[in-house]
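Trainee: Listed here are the chains, written in short residue letters.
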Amino acid sequence: MQRIGVFVCWCGTNIAGTVDVAAVSEALKSEPGVVFSTNYQYMCSQAGQDIIKDAVKEHNLTGIVVCSCSPRMHEATFRKTAAAAGLNPYMVEIANIREQCSWVHKDMLTGTEKAIILGKAAVAKVNLNTPLTPGESPVTKRALVIGGGIAGIQTALDIADAGFPVDIVEKNPTIGGKMAQLDKTFPTLDCAACILTPKMVDVAQHENIRIFSYSEVEEIGGFVGNFDVKIKKKARFVKEDICTGCGACVEKCPMKKIPNEFNLGMDNRRAVYIPFAQAVPKVATIDPSACNMLKSGKCGICSKVCTAGAIDYKQKDELIEEKYGAIVVATGFNPISMDKFDEFAYNQSRDVITSLEFERLTNAAGPTQGKLLRPSDLEHPHTIVFVQCVGSRCDACAEKGKEYCSKICCMYTAKHAMLVRDKYPDTEVYVFYIDVRTPGKNFDEFYRRAVEEYGVRYIKGMVGKITPEGDKLKVQASDLLADKQLHIDADLVVLAAAIEPDKTARPLATMLTASMDTNDFFTEAHPKLRPVESPTAGVFLSGTCQGPKDIPETVSQASAAAAKVIGLLVKDKLTGNPCIASPNELMCNGCSSCERVCPYGAITYIDKEFPQPDRTVAVRRVAQVNPAVCQGCGACTVACMSGAMDLRGFMSSQIIAEVDAICK
Amino acid sequence: MQVNEYRPLIVAFCCNWCSYAGADLAGNNRLNYPADVKIIRVPCSCRVNPMFILRAFQRGADGVIICGCHPGDCHYTSGNYYTRRRMALLFSMLDYLGIERERTRLEWVSAAEGAKFAATMNDFAETVAALGENKRLEDLRCKK
Amino acid sequence: MKVSYFPGCTLKNKAVILDTYARKCAEVLGVTLEEIENWQCCGGVFTTSKDEVATKLSSVRALKYAQDRNQPLVSVCSACHNVIKQTNHAIQTDAEFSDKVNRYIAPESPYTGDTQVYHYLELLRDVVGFDKVKEKVVNPLGGRKIAPYYGCLLLRPNTVMQMDDPENPQIFEDLIRALGGEPVAYSMRNECCGGYVTMENPEFAKSKSKAVTDNATAFGAECIVTACPLCKYNLDKNGNSVPVVYFTELLAEALGVKEDETNA
Amino acid sequence: MHKDNEKMKSEIIRRSGVNPSKCMRCGKCSGTCPAYDEMEYHPHQFVYMVESGDIEPLLSSESLYKCLSCFACVDRCPRGVEPAKLVEAVRLSVIRQQGANHLTANDIPEMLDPDLPQQAIVSAFRKYTK
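Those protein sequence lines, which keep their order, are chains W, C, A and Z. Residue 281 in our numbering is what sits at position 286 of the first sequence, and the numbering runs on without skipping anything. Here our numbering runs 5 ahead of the position in the second sequence, where the first position is 1. Here our numbering runs 1 ahead of the position in the third sequence, where the first position is 1. Here our numbering runs 698 ahead of the position in the fourth sequence, where the first position is 1.
Derived by calculation from the structure, the hints in this document are not laboratory data. Note that beta-carbon positions come from the ideal geometry of N, C-alpha and C, so glycine has one too. Treat each hint with caution, since some may be false.
[Said to hold, decoys possible] Cross-link-like lysine-lysine pairs, in silico, DSBU-like; alpha carbons within 35 Å at most:
| id | chain 1 | residue 1 | chain 2 | residue 2 |
| --- | --- | --- | --- | --- |
| 1 | W | 252 | W | 299 |
| 2 | W | 397 | A | 51 |
| 3 | W | 311 | A | 238 |
| 4 | Z | 705 | A | 101 |
| 5 | W | 498 | W | 136 |
[As the list claims (entries may be wrong)] One side of the interface only, derived from the structure: several residues of chain W facing chain Z at Cβ under 10 Å:
| id | residue |
| --- | --- |
| 6 | 312 |
| 7 | 313 |
| 8 | 387 |
| 9 | 388 |
| 10 | 389 |
| 11 | 392 |
| 12 | 394 |
| 13 | 431 |
| 14 | 453 |
| 15 | 456 |
| 16 | 479 |
So here's chain W without its partners, still in its complex pose (with noise of 0.2 Å):
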């Protein structure tokens, strides 16, 4: 039986004034395990906590009731006064007598016939609770981020200058992801690869930072602050820390007509190959699927011209198995295939090209050495035209697109438009826009001035049909502003392809329990207010795996991921929240029905022996839950079918109880 103690606050007049607190203590001094009660004018004062501590002493009291304010008010305060008297914190519970009671009553009989009831019930509570320790679990201080594009780029840069070991994971040969593809950045006009360089040199020389490039995660298993990550590291037939990056291979190797994915399929590279002049590592690969050497055995040339010695073609995959606190996603975005638009003829003519295409041939590293020329005769396009929202804003129910809007493909299409006709005056440039959605910092003046001082030629409306006849492609399209059908004929069309999240987030977001919406984005643990934070806990989001973002978005939240990351790791140990689901093994029944509702995948079902009465053993499938990811929803008691599943602090037992008490 408990010793309970009832302390009923007056709050000035804010209680006292609806609720006789006087007939409250008295009539709460009856109830069953209470040895003691009083009330008083300021119970959070000093003075009031005081008489708790006080009480708890004199009466040996176990378990304190406060009939107070709102427990989202004082409960952290009166916690703490217990603990300070010797008694576990979780043995206090609240009575809301003002918030719920003498602020919304305006009569006295039945303010305090309420207050009574509330106290009963917090009294009935108490009686089943028991103390409760928070867990604790070490945290390994070394983080892994998944994906090297510019998300994941500065976000291992954040936390490797807090001081902690990161690793990259990067799937392509090089770190930089798709800004190294782009060329300017708007609304600046600032060159991507100029800034994005300094950075990715940053990575690769900093001492904190490891880049595991052309490799994959393989398996993920632990939880916050500990998992246990696997990673894949394909052979790339280079021996990575002998080679010098001095491209004699790339020179030498005779397949010459391998699609280049740098440049999305517009020129060639060779078998062996550096993606770009400044990649990271600057380590040459051999593409497994178009070398000689490996697919017959015959060449062998790249290996005679290495004068380091770096080719090996027995190369194997190697796996590395790491230890991490942390885990951030920024696995990045593709622009959607345009096979379902051939309206477009985006698959009948090379002048029909997609943004990012468009993005490589201005890009003076890029097929064309920066010079606008169009794929299919190399000449200088007169005509272009911009066609926008290419995928985006479509129905639910349509067979193509997605959803959403893709929110970059208005501002860099302003900067192509603005961009080709900085660059040739002598180009009529024509835009398609839906709406033209530009907020962020000086977006809409850059557009406005794409209009006013460039003389794009913004239409509204859609293009309907391109179809390609001699070397032209004629448009047809709406103009709703001048309610005419348009005919152009165009040289070049650029088609604004929406976004969408890379192919590998669906199978890391298994290995990680993380969820992810309909559309394949990593979802948030809260849409406002924990917007980096995936809901499995240690599992953080960075970049466009979580929606579509320009780059000053990404790398903010980059930061902002980088930033909860530190706050996990700086902890030498991790301590929970006591409120957490905990399974009573001889009740589980092995049904998994829990495990399929938690959110954050903290149940796990063991094979557990159990001794039975006669003396042998028999083993039994039962869940346990992780303390450190469980958040205490309670999800899971109300799935358990056996009811061996239950909260603590909200236990059945005390909630029924509070029922019964109101009920009486």
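Using the hints provided, position chains C, A and Z relative to the given structure of chain W.
Mentor: Only chains C, A and Z this time, still in chain W's reference frame:
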């Protein structure tokens, strides 16, 4: 005390993050609602086991209301969706048992909706009062 | 294999060769076309309105006929195929419409949309198989540059027709390749020829057909192939002088059952 | 919205099965329409006018008979609005009234071309006549 006038007994389960805070806000703004409503705090509406509701009716409650965060706003991301499904089933079972559908309610009240909390409680208390005492599910053995 | 065959009005009249060669080729390919007894005209176009019932009954009767024989329903004319397939879809998805139709027709057992509806092209691709067709070719088309013309009716609305990718279809192209021809890729292949509006407004239809034939010849087409009598009429009458043929003619030629070829 | 307009709108929506509020005003239907230049009211205007209940002007417009029913607007609409079905529903509202046929049997002979396939006549009758 007045005993002649019938007042209903109403149990309200409120999630800690939205609805309980909404109830506090109603208090801060001094928005009146009947004292018949007694609130029980739970971490999330998905902690509310249908057994608790049946228990309340068995013990003589006249109405039970469950309040959670708005869909999409759950502190635990998906808890209120579980609640929505579970309550749909429970309410339909209660309907089958002959308990008036109006005696149970599921409402989404955010931490900012003090006015909505008070309005909801006023409306619910009035509705339940009009139905009169819960006789069908009340267990007379539980009566003192 | 036996299938129920719905020829349609035009195939009995202006487009006899579309029908004759379809039958002859089917024989070669081991498919028996059993003409539906007392079939009635499909109506030429499908009325999309949900409250239109009477104009769709003839299609339902044909569908029911095929279902009773446990056969798929095949048609060659694009218009007939479009109307019948859309009607079948309406039966499957619109319970109110299905109920009304079944009350009208009052069959012994209600028609519930179970009949498999094929266009002859789909029959070739999905049932016979283009590789089988290729095996049976005796007079390959010798690399002739042929522009497939889909028009609208075969492909749209795609949610119902589900024949091919509506913007980048390949079924005609694959057939042409199987027959030894070279398909011409051109963008106007799924644009409208002017359709029935040609009656009221021939000038307008002309501009539409002309755009199609010009685009095809710009890519080097020696002839255009179609499945629709109205498309053929419009392209013949209004287009440039590129010859327009039915796909069954080409098929018959390649399979060696075209009259002048077999005599030769 | 005026009550009569409201009524007419709901009738058109019911008959066509189309939800015009899904339109995001991109104008792709009008960009793709092969009969655009023949029309007084263009596909995107059809959608907008039905949505706002302004159907009266459509009833007397020749545009109803210019639609080729090629369904390009239906397939290419990013929002799944299906403008052609709206055109058809409005056209039916007109030709279902007595004496409102757009084409009569007497009109046919002078339009007839010896090569014209039956399909064209049948289709035109379906579209223009009740």
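Trainee: When the hints from earlier in the document are held up against this structure, which numbers fail?
Mentor: Hints 3, 6, 7, 13 and 14 are the ones this structure does not satisfy, whereas the remaining hints hold.
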